[in-house]
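Student: Use the sequences and the hints to build the structure in full.
Position 146 (the sequence shown) corresponds to 145 in numbering that gives the first Met the number 0; numbering is contiguous.
Keep in mind the hints are simulated off the structure, nothing from the lab. Be careful, since some hints might not be right.
[Claimed, not checked] Listed below are the simulated DMTMM-like cross-link pairs for lysine to aspartate or glutamate, each with C-alpha atoms no more than 20 Å apart in a straight line:
| # | residue 1 | residue 2 |
| --- | --- | --- |
| 1 | K26 | D77 |
| 2 | K26 | E47 |
| 3 | K26 | D15 |
[What the hints assert, rightly or not] Taking CB as the label site, the calculated pair distances span:
| # | residue 1 | residue 2 | range |
| --- | --- | --- | --- |
| 4 | P41 | R141 | 14 to 24 Å |
| 5 | R141 | C40 | 30 to 40 Å |
| 6 | L1 | G45 | 15 to 25 Å |
| 7 | H102 | Q25 | 35 to 45 Å |
| 8 | L18 | R137 | 32 to 42 Å |
Think of the CB as a built atom: it goes at the ideal place given N, C-alpha and C, for glycine as much as any other residue.
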Amino acid sequence: MLLSQVTPTLFLSGADAPLNAALVSQKGITLIVNATLNHACPAYPGVECLRVPVCDLPSARLSDHFDRVADRIHGNRDGGTLVHCAAGMSRSPALVMAYLMRHRGVTLRQAHHWVRESRPFVRLNSGFWEQLLQYERRLYGRNTVRVAEEAPPICTSLQTAPSTGNNWVNLVPKSPLISRSSQILQSPVMGSRNKSRRSSKPLAKR
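Tutor: Below, the structure written as C-alpha coordinates:
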(Lines of atoms letter the chains of each structure in order from A and count residues from 1; the text may use other names and numbers.)
(Lines give C-alpha, C1' and ligand atoms only; values in the text may rest on other atoms or scores of the structure.)
Protein backbone atom coordinates (compact mmCIF):
# COMPACT_ATOMS: atom_id res chain seq x y z
CA MET A 1 0.00 0.00 0.00
CA LEU A 2 1.79 3.12 -1.24
CA LEU A 3 -0.38 5.75 0.42
CA SER A 4 -3.03 5.55 3.15
CA GLN A 5 -5.62 8.29 3.63
CA VAL A 6 -6.38 9.04 7.28
CA THR A 7 -8.51 12.15 6.73
CA PRO A 8 -9.43 14.01 3.54
CA THR A 9 -6.18 15.99 3.83
CA LEU A 10 -3.91 13.70 5.89
CA PHE A 11 -1.96 10.80 4.43
CA LEU A 12 0.38 8.15 5.82
CA SER A 13 3.06 6.23 3.96
CA GLY A 14 6.51 4.74 3.82
CA ALA A 15 9.49 6.38 2.15
CA ASP A 16 8.43 5.60 -1.43
CA ALA A 17 5.27 7.72 -1.68
CA PRO A 18 6.92 11.15 -1.27
CA LEU A 19 9.23 10.32 -4.18
CA ASN A 20 6.22 9.98 -6.48
CA ALA A 21 5.81 13.54 -7.74
CA ALA A 22 2.58 12.77 -9.60
CA LEU A 23 1.02 11.27 -6.47
CA VAL A 24 2.07 14.19 -4.29
CA SER A 25 0.54 16.61 -6.79
CA GLN A 26 -2.63 14.56 -7.25
CA LYS A 27 -3.33 14.49 -3.51
CA GLY A 28 -2.69 18.21 -3.12
CA ILE A 29 0.10 17.65 -0.62
CA THR A 30 1.81 20.84 0.51
CA LEU A 31 3.53 19.49 3.65
CA ILE A 32 5.66 16.37 4.00
CA VAL A 33 6.62 15.22 7.50
CA ASN A 34 9.73 13.08 7.13
CA ALA A 35 10.24 10.90 10.24
CA THR A 36 13.44 9.18 9.12
CA LEU A 37 17.16 9.56 9.58
CA ASN A 38 18.40 8.54 6.15
CA HIS A 39 15.74 9.51 3.61
CA ALA A 40 16.10 12.95 2.06
CA CYS A 41 13.18 15.30 1.56
CA PRO A 42 12.22 15.66 -2.11
CA ALA A 43 12.21 19.21 -3.45
CA TYR A 44 8.85 20.09 -4.98
CA PRO A 45 7.59 23.61 -5.71
CA GLY A 46 5.12 24.71 -3.06
CA VAL A 47 5.77 21.70 -0.82
CA GLU A 48 7.36 22.18 2.61
CA CYS A 49 9.28 19.40 4.35
CA LEU A 50 9.37 19.04 8.14
CA ARG A 51 12.16 16.77 9.38
CA VAL A 52 11.71 14.53 12.42
CA PRO A 53 15.10 12.80 12.70
CA VAL A 54 14.21 9.88 14.98
CA CYS A 55 15.20 6.22 14.63
CA ASP A 56 12.68 3.40 15.02
CA LEU A 57 13.87 2.16 18.43
CA PRO A 58 11.91 1.95 21.70
CA SER A 59 14.45 4.28 23.34
CA ALA A 60 14.04 7.02 20.70
CA ARG A 61 12.26 10.14 21.98
CA LEU A 62 9.61 10.53 19.30
CA SER A 63 7.34 12.23 21.84
CA ASP A 64 9.66 15.26 21.85
CA HIS A 65 8.14 16.02 18.43
CA PHE A 66 4.46 15.23 19.13
CA ASP A 67 3.31 18.80 19.77
CA ARG A 68 5.39 20.38 17.01
CA VAL A 69 4.25 17.91 14.35
CA ALA A 70 0.61 17.90 15.47
CA ASP A 71 0.42 21.69 15.44
CA ARG A 72 2.09 21.88 12.03
CA ILE A 73 -0.35 19.35 10.55
CA HIS A 74 -3.25 21.27 12.08
CA GLY A 75 -1.93 24.52 10.64
CA ASN A 76 -1.77 23.08 7.12
CA ARG A 77 -5.53 23.03 6.67
CA ASP A 78 -5.37 24.64 3.22
CA GLY A 79 -3.32 21.77 1.80
CA GLY A 80 -2.66 18.08 2.20
CA THR A 81 -0.12 16.60 4.60
CA LEU A 82 1.87 13.41 4.09
CA VAL A 83 3.49 11.87 7.17
CA HIS A 84 6.00 9.15 6.38
CA CYS A 85 8.80 7.07 7.83
CA ALA A 86 10.72 4.21 6.23
CA ALA A 87 7.86 1.69 6.09
CA GLY A 88 4.86 3.64 7.38
CA MET A 89 4.44 1.19 10.24
CA SER A 90 5.82 2.74 13.44
CA ARG A 91 7.14 6.31 13.58
CA SER A 92 4.70 7.97 11.18
CA PRO A 93 1.57 6.24 12.58
CA ALA A 94 2.63 7.28 16.08
CA LEU A 95 2.91 10.91 14.97
CA VAL A 96 -0.49 10.75 13.28
CA MET A 97 -2.06 9.24 16.39
CA ALA A 98 -0.59 12.05 18.51
CA TYR A 99 -2.10 14.59 16.09
CA LEU A 100 -5.51 12.92 16.26
CA MET A 101 -5.45 13.05 20.05
CA ARG A 102 -4.27 16.65 20.23
CA HIS A 103 -6.42 18.23 17.53
CA ARG A 104 -9.28 15.80 16.82
CA GLY A 105 -10.23 15.21 20.45
CA VAL A 106 -10.01 11.42 20.35
CA THR A 107 -8.51 9.00 22.85
CA LEU A 108 -5.47 6.85 22.13
CA ARG A 109 -7.74 3.86 21.68
CA GLN A 110 -9.85 5.74 19.14
CA ALA A 111 -6.79 7.16 17.38
CA HIS A 112 -5.32 3.70 16.98
CA HIS A 113 -8.55 2.31 15.54
CA TRP A 114 -8.77 5.31 13.20
CA VAL A 115 -5.26 4.77 11.84
CA ARG A 116 -5.67 0.99 11.60
CA GLU A 117 -8.79 1.42 9.47
CA SER A 118 -6.76 3.25 6.84
CA ARG A 119 -3.49 1.30 7.28
CA PRO A 120 -4.15 -2.11 8.87
CA PHE A 121 -0.53 -3.23 9.14
CA VAL A 122 0.79 -0.49 11.44
CA ARG A 123 3.08 -1.88 14.17
CA LEU A 124 4.42 0.65 16.65
CA ASN A 125 7.38 -0.35 18.78
CA SER A 126 6.83 -0.65 22.53
CA GLY A 127 8.66 2.58 23.36
CA PHE A 128 6.40 4.64 21.11
CA TRP A 129 3.34 3.06 22.75
CA GLU A 130 4.64 4.11 26.16
CA GLN A 131 5.19 7.65 24.90
CA LEU A 132 1.69 7.79 23.43
CA LEU A 133 0.27 6.56 26.74
CA GLN A 134 2.10 9.37 28.53
CA TYR A 135 0.83 11.83 25.94
CA GLU A 136 -2.75 10.64 26.40
CA ARG A 137 -2.43 11.06 30.18
CA ARG A 138 -1.06 14.55 29.65
CA LEU A 139 -3.94 15.51 27.36
CA TYR A 140 -6.82 13.76 29.12
CA GLY A 141 -5.58 12.80 32.58
CA ARG A 142 -6.30 9.12 31.97
CA ASN A 143 -5.50 6.18 29.73
CA THR A 144 -7.84 4.11 27.59
CA VAL A 145 -5.37 1.34 26.76
CA ARG A 146 -2.80 -0.75 28.55
CA VAL A 147 0.51 -2.18 27.47
CA ALA A 148 1.60 -5.75 28.13
CA GLU A 149 5.32 -5.71 27.52
CA GLU A 150 7.27 -8.90 26.98
CA ALA A 151 10.96 -9.41 26.37
CA PRO A 152 12.21 -8.84 23.78
CA PRO A 153 9.70 -6.25 22.47
CA ILE A 154 9.63 -6.28 18.68
CA CYS A 155 6.31 -4.84 17.61
CA THR A 156 2.82 -4.39 18.97
CA SER A 157 -0.76 -5.08 18.06
CA LEU A 158 -3.95 -3.87 19.65
CA GLN A 159 -6.52 -6.36 20.83
CA THR A 160 -9.73 -6.06 22.81
CA ALA A 161 -9.36 -7.64 26.20
CA PRO A 162 -11.83 -10.26 27.46
CA SER A 163 -14.69 -8.91 29.51
CA THR A 164 -13.41 -8.66 33.08
CA GLY A 165 -15.39 -5.75 34.42
CA ASN A 166 -12.77 -3.26 33.24
CA ASN A 167 -12.86 -1.72 29.80
CA TRP A 168 -9.28 -2.51 28.69
CA VAL A 169 -7.48 -2.61 25.42
CA ASN A 170 -4.33 -4.76 25.35
CA LEU A 171 -1.22 -3.69 23.49
CA VAL A 172 0.62 -6.99 23.25
CA PRO A 173 4.02 -7.24 21.55
CA LYS A 174 3.91 -9.80 18.76
CA SER A 175 7.18 -11.62 19.39
CA PRO A 176 8.26 -15.16 18.47
CA LEU A 177 9.74 -15.42 21.95
CA ILE A 178 7.02 -15.61 24.59
CA SER A 179 8.54 -15.09 28.00
CA ARG A 180 7.11 -15.81 31.41
CA SER A 181 8.89 -12.70 32.61
CA SER A 182 6.77 -9.73 31.68
CA GLN A 183 5.76 -6.30 32.80
CA ILE A 184 2.13 -5.27 32.53
CA LEU A 185 1.26 -1.62 32.75
CA GLN A 186 -2.45 -1.02 33.20
CA SER A 187 -4.44 2.18 33.24
CA PRO A 188 -8.24 2.08 33.46
CA VAL A 189 -10.76 4.01 31.44
CA MET A 190 -12.51 6.82 33.28
CA GLY A 191 -15.00 5.37 35.73
CA SER A 192 -12.89 2.40 36.71
CA ARG A 193 -10.98 2.56 39.99
CA ASN A 194 -8.93 -0.56 39.55
CA LYS A 195 -5.28 -0.03 38.74
CA SER A 196 -2.61 -2.68 38.81
CA ARG A 197 1.07 -2.99 38.04
CA ARG A 198 2.77 -6.36 37.94
CA SER A 199 6.42 -6.68 37.11
CA SER A 200 9.24 -9.18 37.20
CA LYS A 201 12.85 -9.08 36.18
CA PRO A 202 13.11 -9.01 32.38
CA LEU A 203 15.11 -11.57 30.44
CA ALA A 204 18.66 -10.65 29.55
CA LYS A 205 19.17 -9.53 26.00
CA ARG A 206 20.57 -12.15 23.65
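Student: Each hint should be assessed against the structure and marked as holding or not.
Tutor: Evaluation of the provided hints:
1. K26 x D77: holds, 12 Å
2. K26 x E47: holds, 15 Å
3. K26 x D15: Since the Cα atoms of K26 and D15 sit roughly 15 Å apart, the hinted pair holds (cutoff 20 Å).
4. P41 x R141: 14 to 24 Å: Since the Cβ atoms of P41 and R141 sit about 40 Å apart, the hinted range of 14 to 24 Å is violated.
5. R141 x C40: 30 to 40 Å: holds, 37 Å
6. L1 x G45: 15 to 25 Å: Because 21 Å falls inside the window, the suggested range holds.
7. H102 x Q25: 35 to 45 Å: violated, 25 Å
8. L18 x R137: 32 to 42 Å: holds, 35 Å
In summary, the structure is inconsistent with hints 4, 7 from the numbered list given earlier, while agreeing with the others.
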